[in-house]
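Respectively, the protein sequence lines represent chains A and B.
Residue 184 in the working numbering sits at position 189 of the first sequence, and the numbers go up by one each step.
Residue 7 in the working numbering sits at position 26 of the second sequence, and the numbers go up by one each step.
Partial chain B-side listing against chain A, Cβ under 7 Å, derived:
#1 Thr217
#2 Leu218
#3 Tyr219
#4 Ala225
#5 Ser228
#6 Met235
#7 Ser236
#8 Gly237
#9 Arg296
Hints listed in this document are in silico derivations from the structure and should not be mistaken for laboratory results.
All C-beta atoms in this analysis are idealised placements derived from N, C-alpha and C, irrespective of residue type, glycine included.
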Amino acid sequence: MSKIILETRGLTKHYGGVHALEDANFILHEGEHVAVVGDNGAGKSTFVRQVTAVEQRTSGEILFDGQPVNFSGPLEAREAGIETVFQTLALADDLDVPSNLFLGRELFRFRLGPFSWLDRKGMRDRTLEALKTTAVKIPNVDNPIRNMSGGQRQCVAIARTAAFASKLVIMDEPTAALGVQETAQVENIIRGLKDRGIPMILISHNLRQVFDLVDRIVVFRRGRIVASLRKDETDGNDIVSYITGVKGGQDPVAA
Amino acid sequence: MAEATHGVGGLRYDPAKRTRAPEWNVLGALILIVLVFEILNRMQGGSFLFNMRDNVDAIFNKQRLDIMILQVAIVGIIALGVTQVIIIGGIDLSSGSVVGATAMIVMSFAQTAVVNGNPNPKAIFGDWAMDLPVIVPIAVGLACGLLAGLINGLLVAYTKIPPFIATLGMMVSARGVARWWSNGQPVSFPTESYGSLANGDLLGGMTFGILSWPGQNPAVVFVLLAILFHIVMAYTLYGKRSYAIGSNEAAARMSGINVDRHKVLVYAIAGLMAAVAAILLTSKNLTAQAGMGVMYELDAIAMAVIGGVSLAGGRGSIIGTVLGAAIFSVIISGFTSIRLDAYYQEMVKGAIIVGAVVLDQWRQRKRARG
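This is chain B alone, in the form it adopts within the complex (with noise of 0.2 Å):
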C-alpha cells in the first residue's frame, strides 16, 4: 500500500510513532515486581522465583511456582469469561457464587458410594447418583454454570437494568443455593475419576507423554482456554462484535447488530468459565464447600484490570488479562514469600484493584490530550 505520509488539513504524521499496545507495558510490570519480590527475599536471606543456591540444579523455585500456577489458572479460568463481559461494557459480580452453587451440585453427582469400605458418609442422594460416568458431573456441571450465565445474560439484555445490579442479585441467590443445596454441609468423596480431572496429568495424554505436569491440569485448562479465548476475541466476528459493543452501543445496534442476543451470549459464556473452574476446583480439593469461591468475582475483575482491560468497556485483550493474572497471582505469593500477614495481604489486593482502576482513568484522560 502506499503509505499516506500527511493527514487531513496536510498535518505531519509520522507512521513510525505508532501507539504501543498497553500489554507491553504490563509485561513490563510483571518483571519489574518479580525482579522486586526476588530482591525483597535475598534481603531476607532466602529466594522468590529464581534458586541461585549452589545445591540446587533447578533454575526455578518448583515448588512456589506450582503453587502460583495453580493458584492463578481457576481465578485465571473465570478471568476469561469476565474479561469478555467488561470489553462490551459490562460487568459480571456472580462467577464467585456461582463457583460455590456449581461446586456443591456438581459434587453431589460425582460422588463414590463406598468410602474405605464404608457408605459414603456424605451421601446428597441416593444410589442412582452414586459412581456415575465423569461425564455426567461434568455436563451438569456446565448447564448449572450456562444457566446462571443466561438468567444474566437475559436480565442484563432485556430488563436493561445495570449489568452490576443484575450480577450482584445473582451473586447473592446463587450463594444462596450453596449453602441451600446441603444445609451447609460440605459433599464429598468424589469418583476416582472425577478427582483425576483436575489431579491427573492431562498435558502427558495431550502429548503421548512426551511432555507431562502431572496434578497441573487447571493450569492446562487455563493456557488452552486462554489460547481459544484469544482468537475467538482477536480474530472472529464474536470478538469484533464485543469490542463494538463495549465501544458505542448505539453504533452497533445501528450498524445492524443484535446487541441483545449478543449480551446474552456473552453472559452465558463467562457462567461457562464459573463451571469449568468450579469443577477443576472440586475435583482439586475431593471436596465442595458452600463458601467456594468467595471474593473470586472479585479476584477475576482484578486481572483483568491489571492486565489493561478498561471497566468503560471497548478495550483490553485476553494477554492482557493472562498478564494481568501473572501479576495478580505473583503478588499474593510475593507477599507469603517474605511473610506478610494475610490480613494485609487483603489490604494491599484492595489497594491494588484501586490503582490499577486508576491507572486506567489516568491512562484514558492522557490519551484525550493526546
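Okay, chain A solo, but in the shape it has when bound (with noise of 0.2 Å):
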C-alpha cells in the first residue's frame, strides 16, 4: 500500500454538549481520492474543519504526512500544503481574480514589510495560466469579482486551490451551488488534480458525482464513520443504506 498522507486517530469534536464528531478514525494515502458523504449534520464539515485547524478540536489525533500535527489555525494548515475550498466562499467580493488567487500569499517586486510592492503583472499571468490549467473561462479577470456569478466565483475559489494545491486539496460540496455546466468544469478539475496524483477529500451530497470522481467513499452518521467503501464494492443504494442507518448501525469503522 502506498504512503499514507492523512491519518486521524480517535478524531473527536464537541461543542458544549453536541458530540458533533465522535472517534473518526481516518486514513488517505498518497495519490487517492476520497469522497466524505452523509446526511446534513452528520458530522462531514466538522470533521474537515478539525482537519484544517479552523477550529480546534476536542481530542484525538491527526497525523500529515507522518508526522503528528498541531496546527494553530486554517494558514498553518495551508503552509503545510493542505489547500481547502469552504463552504462559505473565502473570497473578497471587492478584488479582483489575481488577488483573491493570491490572497495572503502574494508576488512582490521588492519587499519592505506591510509597504512590499505588488508585482500585479506577475500575479495576472500566472492567474491566467492558472485559469487556463484549469479550464476555468473568466471572461476579464480584472473586474471584482462582485460582478461575477455564482459559478465563476466558485470556479475561481476552486482554481485558487487547485493552483497552489501541493500535498492535499479538501473540497467542501465545492458544487452545491453550480449549474450543470459550472459542475461539469469542477469536476475536470478534480479529475486534473487526479492527473497530477494529488489526494483530495471531498465532500458532496452528489452520489452521480462522487461514484464519477473519487476510490473511496466515507460515510459518516450521527458524527461517526459508519462505513468506508471502495467504490467498485458498493453501489448508490449500499451508501444511502449506510447514510440513513439501515446498515452500518451506530457501530464506528475504521476508515
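Both chains are given apart, each in its own frame, so use the hints to dock them into the complex.
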C-alpha cells in the first residue's frame, strides 16, 4: 500500500454538549481521492474543520505526511500543504481575480514589510495560466468578483485551490450551488488533480458525482464514521443504506 | 492574452462594456457644481472661480481659490487617513478631537520665550520648553497622534468593540485632554521656524525656487501625502490587505492576513494624519485653542463618502477622496460666495453627507440588480 498522507486517530469534537464528531479514524493514501458523504449534521464539515484547524479538536490525533500535527489555524494547515475550498467562499468580493487567487501569498517586486510592492503583472500572468490549466473561463480577470456569477466565483475559489495544491486538497461541497456546465468544469479540475497525483477529500451530497470521481467513499452518520467502501465494491443503494442508518448501525468503523 | 469572449455557461460577454470607475462620476459632479456656483454668482453680478472681467488678467479668482485650497488641505489630510480606515470597514470619529488635543500639546513645545520684548504671556512650561528646535514640537505632535491612533486600533482589533464606539470614546476623551491641558486657555506665540511650517514656501524650497506657493504649505503637504497614500493603497501589500479586510474580513483572516495587526496599523496612521493636520493648523494660525478641529472628523468622513468611498468597506480610493474634498470645499465656498448664511451652510452640509450615503446605498442596490 502506498504512503499514508493523512490519518486521524480518535478525532473528536464536542460543541458544548453536542457530540458533533466522535472517535473518527480516517486514513488517506498518497494519490487517493476519497469522498465523505452523510446526511446534514452527520459531522462531515466538522471533520474538515478539525483537519484544517479552522476549529480546535476536543481530542484525538491528526497525522499529516507521517508527522503528528497541531495546526493553530487554517493558515498553518495551508502552509503545511493542505489547500481547502470552504463551503462559505473565502473570497474578497471587491478584489479582482488575481488578487483573490494570491490573497495572503502575494508576489512582490520588492519586499518592504507591509509596504512591499506588489508584482501585479506577475500575479495576473500566473492567474491566466492557472485558469487555463483548470479550463475555467473568466471573461475579465480585472473586474471585481462581486460582479461575477456564483459559478464563476466558485471556479475562482477552486482554481485558487488547484493552482496552489501541493500535498492535499479538501473541497467542502464545491458544486452545491452550481449549474450543470459549471459543475462539469469543477469536476474536470478534480480529475486534473487526480492526474497530477494530488490526494483529495471531497465532501458531496451528489452520489453520481462521488461515483464518477473518487476511489473510496467514507460515510458519516451522527458524528461517527460508519462505513469506508471502495467504489467498485459498493453501489448507490448500499451507500444510501449507510447514510440513512439502515446498515451500519452505530458502530464506529476505521476508515 | 487571448480574450475569452464567452463567460461561464456560454453567456455573451462584451469586453468593451466594463464598469466605469466611479471617480469619473465624482469628477463630473465637481465640474457641474463649480459651473452651478459660477452661474449663480454671475446672476448676482459677481464671479466664482473664473475671472472674466476686463480689468483682471488672471483666469482664476485667485483669492477665492487660495482660501478654498487652504480650507480643503487641512481637513483633506485627515480625510486621507480616514479613507483607509473606512476602506477596512471601520470608522474614525476621533480625528477632530485628536487635532484639538495635539494642537494644544504641540503648541506648548513650540513657544518662544520673548514676545515684543516681554516674556511670553501664554507660556505653558518653564524656560526649558522655550525656543526649542522645530523638530521637537513636530516629533511630540506626531507621537500624540500616533498614540491616539494606536489606542483606537488596539481597542478595535483586540476588544472587538465596534469602531464607532471605540473612536467615539477617543473623541470625547481627546477633547477632554485639549480642554484640561491649559484649563481652556489658548496657547500662543510660537517660534518663527514653527510658524513657517505652514506659512513658508515649501514648494519653492522643493523646486529650488522654480515654482513658488508661499503660505500654501498645507496644500503642498496635502498633495504630497495624497500621492503617497494613493501609491500605498493602489500598489502595495498594505492597500491590498486593506481592501481585502474591508471586503470580507473572514476571508482575509482565512487567507493568513494578520487582520488585527493590520487594523492597528491603519488606525495608527489615521491618528498620525490628524497630528499632521494639527501641526499645520496651529502653525498657520500661530495659536492653539481647545476647540480646534471640532467637527473635522465629520467633514473628513463626508469628503471620503462624497468621493465614493463606501461606508460598508472594501470600496473607494484616495483619488475619490481628493475629488470629494474638492467638491466639499467648492460647496462651502460656493455658499459663502452667494452670501448664504453660515447656519444654512451647516444644514446643507448635513444634507450633503446624508445624500452621499444614500447615493452609495443606491449604487450598491443597482449593482446587485445588475
